[in-house]
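Enquirer: Hey, can you work out the whole structure from these sequences and the hints?
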Amino acid sequence: MFSIAHGCPLLRVLDMSCCSSITDKGIDVLLSKCVDMREFSVPECNIKGWGFRHGKFLEKLTAIECCISDAGLVEVLQGATCLRMLDLSHNQGSLRLSSIGECCRELESLNLTWSSTLDDVALETIAEGCTNLRVLNVSWCHYHS
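Here the sequence shown is numbered in UniProt numbering, starting from 1 and rising by one per residue.
One should not assume that every hint holds.
The calculated label-pair distances, taken between Cβ atoms and stated as ranges, are [stated by the list, open to error]:
1) R134 with H6: 35 to 43 Å
2) G7 with E124: 26 to 34 Å
3) I4 with E44: 17 to 25 Å
4) D120 with F2: 42 to 50 Å
5) Q78 with E128: 15 to 23 Å
6) A71 with F2: 33 to 41 Å
7) I4 with E102: 28 to 36 Å
8) F2 with E128: 35 to 43 Å
9) L10 with Q78: 19 to 27 Å
10) S17 with D120: 30 to 38 Å
11) R105 with S32: 17 to 25 Å
Here are the computed lysine-lysine pairs in the PhoX-like style, where the Cα-Cα straight-line distance is at most 20 Å [to be verified]:
12) K56 with K33
13) K48 with K60
14) K56 with K25
15) K60 with K33
16) K25 with K48
Since the hints were derived computationally from the structure, they do not count as laboratory data. A quick note: this is a predicted structure, and the numbers were derived from the prediction, not measured. Note that the Cβ used here is the ideal one computed from N, Cα and C, for glycine as well.
Expert: Here is the structure:
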């Protein structure tokens, strides 16, 4: 990650699917150097999410089957204020999903498939905060009403 960060500062799209050695620290360094990054995919990576705090211009984030933590999600959402597409399906962390509605005003597409922490509060906050939302996938959720 450090080599990519220093050697490719103009990088805008990166897919690191199933890269088990990727870390939040590596993502943090990468996004602090590749400031124009727009799309980042890290499916099936063992990350908590805090490394995305420098993802200021990220528009698309795919973090399927990751272990994003509550604090990590807040770091992602507060750092990536331009997010238009967010895929957190099959996330294995414990998330307070209402933070999506509190932070992602530009979000157009949200995938929370197989979320075990989706509840009425999260759905209400997402509905109120994400007024640009066009696609919402909450299939196979263990919905808590």
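Enquirer: So, for every hint listed, does it hold in this structure?
Expert: Hint-by-hint comparison with the structure:
no. : hint                      : result
1   : R134 with H6: 35 to 43 Å  : 37 Å, holds
2   : G7 with E124: 26 to 34 Å  : 45 Å, violated
3   : I4 with E44: 17 to 25 Å   : 19 Å, holds
4   : D120 with F2: 42 to 50 Å  : 43 Å, holds
5   : Q78 with E128: 15 to 23 Å : 18 Å, holds
6   : A71 with F2: 33 to 41 Å   : 24 Å, violated
7   : I4 with E102: 28 to 36 Å  : 32 Å, holds
8   : F2 with E128: 35 to 43 Å  : 40 Å, holds
9   : L10 with Q78: 19 to 27 Å  : 25 Å, holds
10  : S17 with D120: 30 to 38 Å : 33 Å, holds
11  : R105 with S32: 17 to 25 Å : 24 Å, holds
12  : K56 with K33              : 12 Å, holds
13  : K48 with K60              : 17 Å, holds
14  : K56 with K25              : 16 Å, holds
15  : K60 with K33              : 18 Å, holds
16  : K25 with K48              : 10 Å, holds
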